[in-house]
Amino acid sequence: MQACSTGSALGVRLARSGPIVCDVARRRPGTSSTARFPPRILPFTSLMSLPWVATDPARAPWSISSPSKSTPAATFQRSAAVRSGPISPPLRGTCSGTWSTALRPSLLPLPHHAIGVRGAAAGVVSAGSESGGTPVAQSPAGPDAIAVDAAAVAAVEVPTFQPLLLSTATGGTPIHAGSPNGYKLPPPEIAAIVDAPAQPSLSYSPDRKTFLQLTRPPSLPPIFEMSRPELKLAGLRVDPDLYARSKMSYYTGISIVPASEVVPAPPGKCHQLVGFPAGSWINYVSWSPDGTHIAFTVRSPGGPGDPPRGPLELWLADPTTGTCRPALRPPTPTVAAPAASMPLGLPYRGLNTVFDDYVWLDDDTLVAAVLPEGLTAPPPRPATPPGPKVSDNTAGKKAQNRTWPDLLKDEYDMAIFEHYGVSELLQLDVRTGKAVVIGPPRMYIEVDPSPDGRFLLVTWLERPYSTAVPCGRFPRRTQLWCRDGTFVRELAALTLAEDIPIAFNSCRAGPRGISWRDDAPAEIYWIEAQDGGDPAVDVSPRDVVLALTADDAANKPDVQPRQLASTDLRCGGVAWCDGDLAILFESWHKTRRSVWWRFAPDQPHQPKTAIFDRNYEDVYGDPGSPLTRRTRWGTYAIARVTPD
Numbered sequence: 001m002q003a004c005s006t007g008s009a010l011g012v013r014l015a016r017s018g019p020i021v022c023d024v025a026r027r028r029p030g031t032s033s034t035a036r037f038p039p040r041i042l043p044f045t046s047l048m049s050l051p052w053v054a055t056d057p058a059r060a061p062w063s064i065s066s067p068s069k070s071t072p073a074a075t076f077q078r079s080a081a082v083r084s085g086p087i088s089p090p091l092r093g094t095c096s097g098t099w100s101t102a103l104r105p106s107l108l109p110l111p112h113h114a115i116g117v118r119g120a121a122a123g124v125v126s127a128g129s130e131s132g133g134t135p136v137a138q139s140p141a142g143p144d145a146i147a148v149d150a151a152a153v154a155a156v157e158v159p160t161f162q163p164l165l166l167s168t169a170t171g172g173t174p175i176h177a178g179s180p181n182g183y184k185l186p187p188p189e190i191a192a193i194v195d196a197p198a199q200p201s202l203s204y205s206p207d208r209k210t211f212l213q214l215t216r217p218p219s220l221p222p223i224f225e226m227s228r229p230e231l232k233l234a235g236l237r238v239d240p241d242l243y244a245r246s247k248m249s250y251y252t253g254i255s256i257v258p259a260s261e262v263v264p265a266p267p268g269k270c271h272q273l274v275g276f277p278a279g280s281w282i283n284y285v286s287w288s289p290d291g292t293h294i295a296f297t298v299r300s301p302g303g304p305g306d307p308p309r310g311p312l313e314l315w316l317a318d319p320t321t322g323t324c325r326p327a328l329r330p331p332t333p334t335v336a337a338p339a340a341s342m343p344l345g346l347p348y349r350g351l352n353t354v355f356d357d358y359v360w361l362d363d364d365t366l367v368a369a370v371l372p373e374g375l376t377a378p379p380p381r382p383a384t385p386p387g388p389k390v391s392d393n394t395a396g397k398k399a400q401n402r403t404w405p406d407l408l409k410d411e412y413d414m415a416i417f418e419h420y421g422v423s424e425l426l427q428l429d430v431r432t433g434k435a436v437v438i439g440p441p442r443m444y445i446e447v448d449p450s451p452d453g454r455f456l457l458v459t460w461l462e463r464p465y466s467t468a469v470p471c472g473r474f475p476r477r478t479q480l481w482c483r484d485g486t487f488v489r490e491l492a493a494l495t496l497a498e499d500i501p502i503a504f505n506s507c508r509a510g511p512r513g514i515s516w517r518d519d520a521p522a523e524i525y526w527i528e529a530q531d532g533g534d535p536a537v538d539v540s541p542r543d544v545v546l547a548l549t550a551d552d553a554a555n556k557p558d559v560q561p562r563q564l565a566s567t568d569l570r571c572g573g574v575a576w577c578d579g580d581l582a583i584l585f586e587s588w589h590k591t592r593r594s595v596w597w598r599f600a601p602d603q604p605h606q607p608k609t610a611i612f613d614r615n616y617e618d619v620y621g622d623p624g625s626p627l628t629r630r631t632r633w634g635t636y637a638i639a640r641v642t643p644d
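Residue 157 in full-length UniProt numbering sits at position 157 of the sequence shown, with consecutive numbering throughout.
Derived by calculation from the structure, the hints in this document are not laboratory data.
Remember, it's a predicted structure, so these values are computed and weren't measured experimentally.
Everything hinted at is true.
Restricting the straight-line Cα-Cα distance to at most 27 Å, the calculated cross-link-like pairs of lysine-lysine (DSS-like) are:
1) Lys247 x Lys232
2) Lys398 x Lys409
3) Lys590 x Lys608
4) Lys269 x Lys209
5) Lys232 x Lys389
6) Lys397 x Lys409
7) Lys247 x Lys409
8) Lys247 x Lys184
9) Lys398 x Lys590
10) Lys397 x Lys590
11) Lys389 x Lys409
12) Lys232 x Lys409
Using C-beta positions, here's what the derived DEER-type ranges look like:
13) Asp406 x Pro643: 52 to 60 Å
14) Gln606 x Ala503: 31 to 39 Å
15) Pro382 x Gly433: 40 to 48 Å
16) Ser286 x Arg329: 17 to 25 Å
17) Arg216 x Arg325: 21 to 29 Å
18) Asp580 x Ser260: 33 to 41 Å
Note that the Cβ used here is the ideal one computed from N, Cα and C, for glycine as well.
Given these sequences and hints, build the entire structure.
This is the structure we're talking about:
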């Protein structure tokens, strides 16, 4: 079929059998003559495979005329609106009823015309019911009419099609039958491939005897999930209903399977977790350190017919029975804590997972980031717009910045950012249900327990916020706490970082990567840049690795951290094995150099030795990653392999 522009007419001659002969006639402006182009051949199924509709004869959007006696045809003139009407049963011989179909824009780039088949071999046109009816009013063909030659349709059977609406917008596409929301669906064969069940995710128990088989949804999320509103705050995209990141992935089911079974396990070889709300979407699944509890969060999908959406609920499951129960019950209303003090009036204690979720301290205790008590609705936008933003560089510092998306724009954005980012830290005993708040409302971004569970590394964001950089560069504070929330020592108080160089291997000045040694019960380590985070500064060493035991910090307030190692390139971290072995990683982007160093963390005076010194773009020479083992604290450290 040849494309037509405005002022063209399309002729389609329906033969008794075989292909359809299509020719295009371009109407010269201001005249009735046409210039014909060579005919194009289409199989009959090409026309019949298009979506068809029936229109109401009483308000037919197409007027009918006969352009010439030599070429019997029915010319359908475009009207202002298209309406759907009743569908006639299959017709054989003379076609009656008003039939039309939308031409795809790629074939006919006109304002969404329709093409129809009417009339008999003699050129008689009728409208209405199968037995006849009132003829449709005729009018001369306009400049963008479409002519359909119906000279030989005696043996053509027109099947029954489902009704659908047609868009009259320029560039529109036909709407799939049976899709009232206006989206065009693919054929069932394609939909079956796209919606095929995905391979489940697995989570092994600590003893490796069983695993959780987590059912994954189809790869393409539902449209109602993708179309939800989201808040763009400080480089984050937040779902305002969930107090969580927007468009999170999720699971649709959890089953417990013996480790000896195949994946996916057949229904008879696994048992599903039961007791949580049916149809819920599942996130943040984890085992307790001893494998006696399973924790996870649930939320409503929020689709048609689903319960209203709200903050994530924390649930617990027994892996031996598969039964589930909510972990956080609402507090009992008292005079000191009335029911109105519940966050947003929820019937449960919801999590705030914008930055963090929950973490296990030991076999029976976890710490969760929850909505603050008495949290109300977010503040409304002020009726009076804020004043203009004023930026200056009076300090004379070099202020290079990349183009960051979704930044804060004004003070109102900062208030909204705080509203959705603030949480309390709640310590929960999963056996007794006792819950105690150990951290007041703050913008907690990380809670990291020591391997032995006696201490916590707690990090949160502070004001002043910035409209020039995302929240990862906002002021932050990291402190060492006891597990009950008692303050021990401040490890870092980083100021706003708006002037980090944009070059590769640049970093933030001050302590970074504060974490726990995996091979020790409670020893903190971190990295500090000696070049101020600027790779253009030539200094040696460039980075140093420092360490401090939590017990020394708690018992000796004046104790200073000790240096474990140093690097001349940018340090990328440490992999721990024991006091005699650890691997230090450093690299430099300009030379593509990567070096692995072996050193003894408990004997820092001994020199380190190089294991690999290579170009990290040499993929064939990539040594891979060290093999790890599970420690008695549940962490993973480098495994030692003995010859025997």
